[in-house]
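J.: Given only the sequences and the hints, what does the whole structure look like? Please build it.
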Amino acid sequence: MIAQVETLLAGVYGPLQNTQENAVAAIRDSTQRMLRLVTDLVDVGRIEAGVTPLTPMPCLVRECFENGKAEVEALAQSRSIQVVADVRPKDLGVVADARRLEQIIAELLVAALLSMKTGGLLKLAITHEQGGLVLQTQCGAGQAAGHDGPEQVLGRLGKIRPIGLALLQKLVQVHGGTFVLNEMTDQDFGMCIRVPVSRSGGSIVEEVEAVAPQAAAVSAHAESAAPLPAPAQSSAGCRQSLILIADDQPALVAVTRNYFESLGFEVVTAQDGSEAVKQACLLQPDLILMDVRMPVVDGLSAIRQIRASEDPKTRDIAIVSLSGHATAADKEKCLAAGASAYLNKPFGIRELDRIISEFVRPAS
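In the UniProt record's numbering, the protein residues as written are 1 to 364.
Among these hints, one or two may not hold up.
Said to hold, decoys possible - Listed next, the in silico EDC-like pairs over lysine to aspartate or glutamate satisfying Cα-Cα at most 16 Å (straight line): (1) Lys278 / Asp311; (2) Lys123 / Glu73; (3) Lys90 / Glu73; (4) Lys278 / Glu310; (5) Lys278 / Asp298; (6) Lys345 / Asp330; (7) Lys333 / Asp298; (8) Lys170 / Asp298; (9) Lys90 / Glu63; (10) Lys345 / Glu261; (11) Lys69 / Asp86; (12) Lys123 / Asp86; (13) Lys123 / Glu66.
Note that these hints are calculated values from the structure, not bench results.
T.: Dropping the structure here:
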């Protein structure tokens with residue numbers, strides 16, 4: 001039996017060969033592209049739903065360009081195209097949502113890169129004119145792929161990268177800007193985006209120095225103010241708030257647990273639904289994160305068992321179901337089973353913070 005197991009493991013344990021390294025690299029690159037694609041899909045959905053939050057703050061355009069360029073560096077290298085920026089003035093600052101501006105720059109660069117022949121130089125000229133930020137792509141004469149007009153170029157981009165193009169257009173639209181293709185010499189073209197954002201009125205350093213006296217006054221007032229009362233304790237006695245994570249994915253459990261513990265919460269875990277029910281009845285945590293698909297007893301059955309408890313403290317525990325299906329029907333199924341809320345995988349810190357603020361009192 002041991003020999004058979006060792007034979008099976010021999011194919012997956014040990015140093016990678018060159019072909020294996022190439023395969024792993026391909027998997028990594030494909031995964032990164034897939035993650036970017038999913039992120040783009042989510043962003044498009046949020047923009048279409050009208051829930052995209054814009055948080056304008058002073059930012060340097062050069063930094064936004066560098067961050068946007070970093071996202072497309074692999075594509076530029078694969079096409080042997082050098083990407084540079086001509087920002088005028090060099091220290092140009094605007095009041096805008098920096099992350100969204102970086103997305104606009106990244107998607108604009110991708111669109112330009114995919115519309116060029118391999119090799120050459122792609123320049124992004126950025127200025128501030130007539131109350132708006134102007135981003136204009138410039139490629140060398142004859143470097144545009146084909147000699148189509150603007151409509152044909154956009155049509156081809158829509159087939160090659162439909163999500164990215166839609167994201168770019170909607171990001172510009174939500175800012176109240178415009179995205180056009182301008183025909184240039186030698187049958188080439190340039191992509192131009194205008195976004196109505198105001199200049200920051202000076203360098204970031206100058207703005208920080210300008211508000212420094214106000215910040216100092218606020219700080220002094222805070223130090224002299226009476227201390228806030230201690231956070232409320234959990235209803236389950238004097239202990240810290242307790243969170244139960246029921247999930248059979250060790251990596252997800254480890255990351256989530258570390259985050260909760262960094263906030264001062266006590267955390268216990270369960271690897272299947274049966275264990276989760278036992279922990280819930282014994283410890284009566286303040287919150288349970290319950291994965292829907294687990295061995296022994298699935299998450300929905302575990303939720304029903306907890307809700308059927310004769311002990312009201314156990315029966316009333318807040319339970320957030322975790323699922324990777326992300327469908328309305330799946331959410332309704334979880335809520336019907338007794339879940340207090342529904343959280344789709346993968347989730348991040350913002351989602352966890354929202355769950356904590358809604359269902360858990362601050363940790364002591």
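J.: State for each hint whether it applies.
T.: Going through the hints against the structure:
no. : hint            : in the structure
1   : Lys278 / Asp311 : holds, 13 Å
2   : Lys123 / Glu73  : holds, 14 Å
3   : Lys90 / Glu73   : violated, 22 Å
4   : Lys278 / Glu310 : holds, 14 Å
5   : Lys278 / Asp298 : holds, 14 Å
6   : Lys345 / Asp330 : holds, 12 Å
7   : Lys333 / Asp298 : holds, 13 Å
8   : Lys170 / Asp298 : violated, 40 Å
9   : Lys90 / Glu63   : holds, 11 Å
10  : Lys345 / Glu261 : violated, 20 Å
11  : Lys69 / Asp86   : holds, 13 Å
12  : Lys123 / Asp86  : holds, 7 Å
13  : Lys123 / Glu66  : holds, 13 Å
Hint compliance for this structure: hints 3, 8 and 10 are broken, all remaining hints hold.
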